[in-house]
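For the protein sequence lines, the chains are A and B, in the order given.
Using our numbering, the first residue of the first sequence is number 15, and each one after it goes up by one.
Using our numbering, the first residue of the second sequence is number 15, and each one after it goes up by one.
To be clear, the hints were calculated from the coordinates, so they are not data collected in a lab.
Nothing here was measured: the structure is a model prediction, and the numbers come from that model.
Every residue, glycine too, gets a C-beta built ideally from N, C-alpha and C.
Within a straight-line C-alpha distance of at most 16 Å, the following computed EDC-like cross-link-like pairs (lysine to aspartate or glutamate) qualify:
#1 K306/A - E450/B
#2 K395/A - E430/B
#3 K568/B - D505/B
#4 K437/A - D275/B
#5 K306/B - D173/B
#6 K511/A - E535/A
#7 K437/B - D275/A
#8 K306/B - E450/A
#9 K34/A - E112/A
#10 K436/A - E272/B
#11 K395/A - E272/A
#12 K167/A - D440/B
#13 K306/A - E444/B
#14 K301/A - E450/B
#15 K301/B - E450/A
#16 K437/A - E272/B
#17 K437/B - E272/A
Sample of chain B residues facing chain A (criterion: CB under 8 Å; computed from the structure):
#18 A265
#19 L271
#20 E272
Number of protein chains: 2
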Amino acid sequence: MTWQQIAAEKKAHQLDSVPKEWLGSDLPSAETLIVIDFPRESSVLSALDLEITESSVASLLSNLASSKWSAVQVTTSFYKRAIVAQQLTNCLTEIFVERALARAQALDEHLKRTGQVVGALHGLPISLKDQISIKGIDSTMGYVSWVGQPAEKNSVIFDILESLGAVPFVKTNLPQTLLSPETFNNVFGRTTNPYNRSLTCGGSSGGEGALIALKGSPLGVGSDIGGSIRIPSAFCGVYGFRPSYNRIPYAGCVNSLEGQDSILSVLGPLSNSLDGIKTFFKAVFSKEPWQKDPMIIRKRWSDEEYNLIHHGNGKKLCFAIMWHNEEIVPHPPIRRGLEMTKNALLAAGHEVIDWVPYKQAEISTIAVSIMTAGATEDFMKATAPTGEPIITSIALDQNAEAPSFRPSSAGTSAFELWQVHKKKRDLRQEYLQHWEDTVGKTGTGRPVDAIISPIAPFTAPPHGLMNTGTYTLWLNTLDYPALAIPVTKVDPALDVKQPREEFYSAEDRQNYEIYNPATYENAPISMQVIGRGGEEEAVIAMSEIVDEALRRYKAQV
Amino acid sequence: MTWQQIAAEKKAHQLDSVPKEWLGSDLPSAETLIVIDFPRESSVLSALDLEITESSVASLLSNLASSKWSAVQVTTSFYKRAIVAQQLTNCLTEIFVERALARAQALDEHLKRTGQVVGALHGLPISLKDQISIKGIDSTMGYVSWVGQPAEKNSVIFDILESLGAVPFVKTNLPQTLLSPETFNNVFGRTTNPYNRSLTCGGSSGGEGALIALKGSPLGVGSDIGGSIRIPSAFCGVYGFRPSYNRIPYAGCVNSLEGQDSILSVLGPLSNSLDGIKTFFKAVFSKEPWQKDPMIIRKRWSDEEYNLIHHGNGKKLCFAIMWHNEEIVPHPPIRRGLEMTKNALLAAGHEVIDWVPYKQAEISTIAVSIMTAGATEDFMKATAPTGEPIITSIALDQNAEAPSFRPSSAGTSAFELWQVHKKKRDLRQEYLQHWEDTVGKTGTGRPVDAIISPIAPFTAPPHGLMNTGTYTLWLNTLDYPALAIPVTKVDPALDVKQPREEFYSAEDRQNYEIYNPATYENAPISMQVIGRGGEEEAVIAMSEIVDEALRRYKAQV
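Here chain A stands alone, though its shape is the one from the complex (with noise of 0.2 Å):
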C-alpha cells in the first residue's frame, strides 16, 4: 500500500467504535466559522450531557464520588460532546468507546460494592495527546509509518491515571514531527480552531487546545519542547501548564528526537479551570512517579510552597509583565490582554512592574541549534518506512511558498553539540541573576514574584502562519514552569491598529503588517504567568490570584 492509502484507511475506520446515535446530523456548515458554542445547541447532548460537560473538575469529581453521577454517565457526556467537537474541529485521533466506557463501569461497581473511590480522579474522563501510549492502541504521532503498531506497553502517566481512577477516552491530534506549532499531519489531517475555523488551533498539543475549549474534555495532558502546551491553551483560550523538566513522567511515551536530552519535553495538563490543574499535579505526585520513571524528580505535592512561604504568603506580590520582548512587538489585543492582567492586578492590591527583556533572542537560537543538531535524520528515520513526505509548510495550500517554523539541519557533531551547552548553562545562570537582580525594584523586598509574558505576538493567527515559538521557546530552555491563563476575547473596536515607525527586525515589520482586526474576531487572548524553576506549586498559586484578580476586574468594569 502507498502511504495515502495507509492514512486513507486509518481514517476511514476512525469513528468505527462511535455509537451512530452520537454523530449529529445537524453539524454547521464547512463556512461556518465560529462553533465554540454549537455543542450547546447539537441535538446529541441531553441537558444532563451539557451540566455534567459544563461543570468543573471539583464538582464532576465531588458528584462522581457522591455517586449523584456515575463513571458510564460522566464518560457517555464527554464522549458525546468530544464526538461533536471531532466533527467541528478534527481534534481526535484515537477513539475507543467500548474499552473506556467498560472502564467506567468497572470503577461504578468498585464505588457501589466498597463505597470507596479508586482515586482521586474516580470516574474523570482525561484526553490524552496521541504520543502517551496506551497499550493495544496506536501511537501513530501522525506519522503514517506507525500506523498499525499498537502500543505495546502503557505509558507510565497513563498507569498512573488509572490508578487514580481516572477514565483515559480519547486521543488527540498533533503535528507530524511535533515540532509544529500547528497541528497537521499526513494521517489525521487539520486541526481547526473552534473559536474561528479559519484560524489554527496552535500546535503541537493542539488536538487537545480545540477539545477542551469545545468542553469535549475536562482535563487533557500534553506534552511542551518548546511552546506545544501553552500555545494551543491560549489560540483556544483554554488554561495550560508547562511545568519544568522530569516532575511529570513521561516514560513509555513516543516521541520526536528521542535522546535529544538537552531541553526536554514535558507533559502538562490542559483544562477549562486552574481547579482542574491543580487537581492533576495533586494527584500525580501523591502516586510517587518517580518510583516508575527514574527520571523523575523525588519531590511531593508542597502545600508549603502551594500556600507562597517564599513568595511573603501571597499578600503582596509583584508581578513584572515583559510587553514584549524586543523581537517581535505583539500585535494590539495581546497589548490590551496585559494591560487588563496589570489593572486587575493592581486592584487586587499587588505590584506590578515592567519586566526587562534579557537576551531573549539569544535563548531561543540556542534551543534551535539543540533541536536541529540531529532533527533531519530523526525525521528521516520516522518517515522512510513508507516514504511519506516530511511536513515542511503548514500553509493551507500545500504548494504555496509558505514559511516553516519546523527547524531542520545537516546535524552537527558531539562536540559542537556540548559548545551550544557550555551556552545554554551559561545563559541560564545570566537569567537567574538578572531575575535576582530585580530585589530592589519590587517593594516587597523579594525579587519579582512571577512574569507575565504574551504566549506569541499574536492571537490566533490564519492557518500556516503560526511561525514563531519566540515568546515560548526561552522558558523550556531555561526550564521556568509557566501557565497560560485566557484573559478575553479579539474585539475588533478595541483592537484597533495603531501606527508605527520602528521596527526591531523584518519579523517585527512584517507581524505588524499582517494585523486587522477582523481576520483575528473573537480569537482569545492569553498570557502565561511564569515562575522559578521547580516552583509548579508557587505558579499555580500566582496564577490563582492573577486569575481571580481578572475575574473581579472584568466583572466590575
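Using the hints, position chain B against chain A.
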C-alpha cells in the same frame, strides 16, 4: 616558556605562603611506604594540633561555637597537618595561608562581637578539589595551559560554604582531564596513598582522599562523574558521598567535557566520619542553592526521608550485596569486607540478600560512549595553548606500555549521541524495574532498601594499575546516590589468594592474576551503600546504620 618551565615555576612557588616552621625536618624517607600515622610523630604538630585535627566535625563545630577553640587556632592546626600531608603524599595544589587565616580571624571577631556564629559551619576548615574556583586563585585543574589565570569569580559552592562560616584553606590535586581514577598531572605531579605510598590514592579526587586520610582536613569537597569521589575514598579509607545529579551546586567550577550534559559530574563531600557528610548536606541545602544555580533541584533537607519513612522507619532494613558484577570478580580483601558487612548487618537484626547484577557491562559501555563522544576535542582544546602532552598512561614509567583508563575516540555526531541516550533511558527504566521486582525477596514488604557493592575489584593497587570504573560508573549512569564506607584493612594472613578456574573475561583473569596479599598490605577495604535517585537523606541514614553495625561487630569479634 615551554610547558615544562611553566609547570616547574608554578610548583616552585607552591609553598610560598607557608610559614617555614610548618615545614617539618623530620619527614620519613621516600622508602617509607606506610606514612598514615606519621603526623602524630611530626615535630610540627603540638598536642593541641593533634587534638583538634583528630576531632569529629561535630566536636569541632561545637568547640568553635563555644569559643573553646578559635577559628584561627583550628585553621592553623589543620593547615599545619595539611602541609605535613602535602610533604608526604603531594596532595595539594593551591595553598593560601594568609587569606585563610584572615578569614578565620574575621570569623573570630564576628563571634566575639555578636555572640553569634556566622553559620552552621562557623570556623570549619574545608579543603576543595582544584576544580572549585575561588576568585583570585588559579583553577588549573592540572593543565599547564591554565596556569596563571586566576578565577574571576567564586564558584557557587564556595560562596555558600563561606556564607555558612566555613574556612576554605587548600585546594587539592587531581588528574589531568579529571577522567582518570588515579591522580597525576603535568603541573603538580602524582599524589600517593598514605596507607602505602607505593599504591595509588585513586582519583580523580585523589588529593582529597590522601589529605583527609591523613586528617589534614576535616571535610573536603570532591567531584564524581564515574567514581571520582568514591574511588579515592575507598583507596584512602575515608567516607565519601556521590549524590544524585543537581543537588549540590556545580556552577562556577571548572571542569572537563563542559557541555557534556548526559552524565553529570556532581560535587560531594569526603570526611573521616558520616557526621561530616551529613553536616555538609544539611548546611548546603539550608542555603537554598537553587536560588544560586539554576540546575539545582528545589528541595530542602528532608528529615522525613532521613528518618527513613519510606524504609519502614529504619527498624528492619533489607540490604542486598552485589558480591561481584559478572564482569570482574573482586580480590579476596574486598570479598572479606563484604562478608564482614553482611555479618555485621545480620547481627544488628537486618535482612541481607544477594543482589543480582543486571546488564552491568552494558550500562558502563553507555557511559564510555557518552564521554568519548567529544572528549578528544575537549582535551586537545585544553592542552593546545602550551603544547603540553595529553597524559595517556598513568604508570610510573611514562614510557612503559600501560593500560589507560581514559576513554578516547574520534567523536560522534549529535544524532548518534541521541541514540546512546535512548539506550541509557531504557536501561535506567529497566534497572528501576529490576530493583522494584525484589519486593518478593526481602521479607520486609518493600523492595531492597539499599544495595551494597564494591567500589573497585581491588583495594588501592600500585600506581598505574587502576584501570577500571566497572564498580562505580554504572551508578553515575543510573544516577543512584552512593556512599563509600571504610570497613577494615588488608591483612595478608586473612586475605590469601584462592584458586580459581573460571573467569568472566580476560580482564577478570588478569585481575585475578595480579593479586598477591603482600603488595596490598595495609590498604583500606571499603564498600558503597547505594540508594534510589534523589534519596540522599535516606542513603546517609542507612549508611549510619551500616557504619554503626560494623563498629559494634568489630568491637565484638
